[in-house]
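Number of protein chains: 2
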Amino acid sequence: MTRGKRFCILFIIMAIHLQSWNECPAKKSILDFVADVTDEGSQTFVSPHDRIAVFDNDGTLWAEKPAYFQLLFALERVKALAPENPGWKTKQPFKAVLEGDMKSLAAAGDRGIIELVMESTSGMTTDEFSKIVSDWMTQAKHPRFHRPYTDLAYQPMLELLDYLRMNGFKTYIVSGGGIEFMRVWMEGVYGIPPEQVIGSSIITRFEIRDNTPVLLRQPMLDFHDDKAGKPVAINKFIGRRPIFAFGNSDGDLQMLQWTASGKGQRFMGIIHHTDAEREWDYDRYSMVGRLDKALDEANSRGWTIVDMKKDWKRIFVFELR
Amino acid sequence: MTRGKRFCILFIIMAIHLQSWNECPAKKSILDFVADVTDEGSQTFVSPHDRIAVFDNDGTLWAEKPAYFQLLFALERVKALAPENPGWKTKQPFKAVLEGDMKSLAAAGDRGIIELVMESTSGMTTDEFSKIVSDWMTQAKHPRFHRPYTDLAYQPMLELLDYLRMNGFKTYIVSGGGIEFMRVWMEGVYGIPPEQVIGSSIITRFEIRDNTPVLLRQPMLDFHDDKAGKPVAINKFIGRRPIFAFGNSDGDLQMLQWTASGKGQRFMGIIHHTDAEREWDYDRYSMVGRLDKALDEANSRGWTIVDMKKDWKRIFVFELR
Chain E
1 MTRGKRFCIL FIIMAIHLQS WNECPAKKSI LDFVADVTDE GSQTFVSPHD RIAVFDNDGT
61 LWAEKPAYFQ LLFALERVKA LAPENPGWKT KQPFKAVLEG DMKSLAAAGD RGIIELVMES
121 TSGMTTDEFS KIVSDWMTQA KHPRFHRPYT DLAYQPMLEL LDYLRMNGFK TYIVSGGGIE
181 FMRVWMEGVY GIPPEQVIGS SIITRFEIRD NTPVLLRQPM LDFHDDKAGK PVAINKFIGR
241 RPIFAFGNSD GDLQMLQWTA SGKGQRFMGI IHHTDAEREW DYDRYSMVGR LDKALDEANS
301 RGWTIVDMKK DWKRIFVFEL R
Chain U
1 MTRGKRFCIL FIIMAIHLQS WNECPAKKSI LDFVADVTDE GSQTFVSPHD RIAVFDNDGT
61 LWAEKPAYFQ LLFALERVKA LAPENPGWKT KQPFKAVLEG DMKSLAAAGD RGIIELVMES
121 TSGMTTDEFS KIVSDWMTQA KHPRFHRPYT DLAYQPMLEL LDYLRMNGFK TYIVSGGGIE
181 FMRVWMEGVY GIPPEQVIGS SIITRFEIRD NTPVLLRQPM LDFHDDKAGK PVAINKFIGR
241 RPIFAFGNSD GDLQMLQWTA SGKGQRFMGI IHHTDAEREW DYDRYSMVGR LDKALDEANS
301 RGWTIVDMKK DWKRIFVFEL R
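Sequence order for the protein chains is E and U.
Read in the working numbering, the first sequence has 114 at position 114, and its numbers run on one by one without any break.
Read in the working numbering, the second sequence has 301 at position 301, and its numbers run on one by one without any break.
Just chain E, same shape as in the assembly (with noise of 0.2 Å):
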């Protein structure tokens, strides 16, 4: 192909594709990046079996303000099931939840979120889970924004999912966030299947009911999948190093290197929140989504910051509606 050619079709493909990204240098650097690994002739090329894509879930496809989405469900179960559980009112976690002390709950972080999910959706099947989850997405609403929460994916990185797509890469969910509650909904959203979906899971355990097996939801933690947990979880899921890795927080510092730390060509990104009118604007010292240590390093070894603010034309889906 001529160079005037390659061109000329790389151009149509920038016009399709990422229509909600500003011509900026986060774009540019992710169209050179594909470009470079599609191009069969040249030594940048990595073939498609190879072409493995991994994202963080909260603050990187989906908002995670004023709390992770997971954690405002379970405090809706928590809530109901108060009554029947007693002890909570003195215990951590709980107690915050019950008292609406946010500050605690915040603190408590993601392990806090999978005790208060574990506790609260312990003993039931996986199926009865999935039911739950399913049903609460279809009438729960964004405390700000007044829509369901599948509402608040970010646009510009669905386009970006369906762009890796098209050239090849299976994209893949690494998240804190919990598996079951992740893929319930996630193939609806961001086109990915349950089996490309990781994240943190608690123990199940197989048993037949009355000859029916099922899977049974246990109160214990099996795998925390955040910061170091990231690239083992990677490993065990997928066993292949990713050549592309995008997250916004420091819990994604160790995919990001571990993804940058693999021969070839590597593209690792990071949102930045910048937007408080549009979204929210926060860094280096919120209690959720924290990114600080993994926005020096993406300075200092040069990956791909984009800023939401300047870069992104909308930023959720329904802006499109």
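These aren't lab readings, by the way, just hints derived from the structure by calculation.
There may be inaccurate statements among the hints.
[Said to hold, decoys possible] Each computed EDC-like pair below joins lysine to aspartate or glutamate, with the alpha-carbon atoms no more than 20 Å apart:
1) U:K227 with E:E207
2) U:K263 with E:E207
3) E:K293 with E:D307
4) U:K170 with E:D50
5) U:K263 with U:E40
6) E:K263 with U:D127
7) E:K131 with U:D50
8) U:K170 with U:D39
9) U:K263 with E:D127
10) E:K263 with U:E207
11) U:K65 with U:E119
12) E:K79 with E:E119
13) E:K293 with U:E207
14) E:K263 with U:D210
15) U:K170 with E:E187
16) U:K263 with E:E128
17) U:K263 with E:D210
18) E:K95 with E:E76
19) E:K141 with E:D151
20) E:K227 with U:D281
21) E:K170 with U:D50
22) U:K293 with E:E99
23) E:K227 with U:D250
24) E:K65 with E:D210
25) U:K91 with U:D101
26) U:K170 with E:E195
27) U:K227 with E:D222
28) U:K313 with U:E297
29) E:K170 with U:E195
30) U:K95 with U:E119
31) U:K227 with U:D250
32) U:K170 with U:D250
33) U:K131 with E:E128
34) E:K263 with U:E128
[Stated by the list, open to error] A short, non-exhaustive set of chain U residues, derived as facing chain E with CB atoms under 8 Å:
35) T126
36) E195
37) F206
38) N235
39) G239
40) R240
Glycine residues also receive a C-beta, built at the ideal position from the N, C-alpha and C atoms.
Position chain U relative to chain E; hints supplied.
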């Protein structure tokens, strides 16, 4: 499509595929099942998205005698490392290895193997481990057939894997074997990529060594993927219920039950080792690969049972060379 045309196409596919299978009820049940779930017009149609097929490995896709091949790998490691580990002389299952006491070893089962592999390969990185397995696979020879272990994959089953994939199935391994042991060679032998290989695992730890991120193998069990663990692992890794499952021992019973209990068309298959001459002949009283309860359940529920001696024209891949 007319009935005649469909029959004609089916006939051509039958003629090309599953060549190493004799015309038998097992082969017919596979062809019928695949025809049913891929027939778009019919009520039995299953969309490609849900065509998930799971396979046990040892005794289902390759041989498992005189002992699990991974155990034979671990024995060599233990012997090689014994001088540096004097404590092994008095500690089971290491003592059994060093004394050549195969009976005590067989009694240690999967967990014994995992312990041997864990202890003899911990402290190293996942990359170092892959290299050791890869080297062993290249040079080690099976004691009876004097060939590389991968030559003892079952030719009829490779044809079945291909046949399913050609019909839109996603093929997975769900084995008690070590996940990192299997991933090294399975893509080359079975055409199954690492992310579709599920197995037993040990804990790994992320660490930065001389500025390079590594995953270090720890001498701690993470998950034992056998018996009731198999449906648990299927749910965790795949997040959807298979419609097709193949095993050969009681360790596969729960995976078969889990597959059988979903809605719509289901296929459950069992390899029965009946050929003492070409392979081995064992079931209810075998230490390795015991097939007892699962055989009863297969008989009573009408699952497909492959009689290796009668149903397979050839057994091993090397017979075709």
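- Task: Give me the numbers of the hints this structure contradicts, sorted from smallest to largest.
- Result: 11, 20, 22, 23, 24, 28, 32, 33
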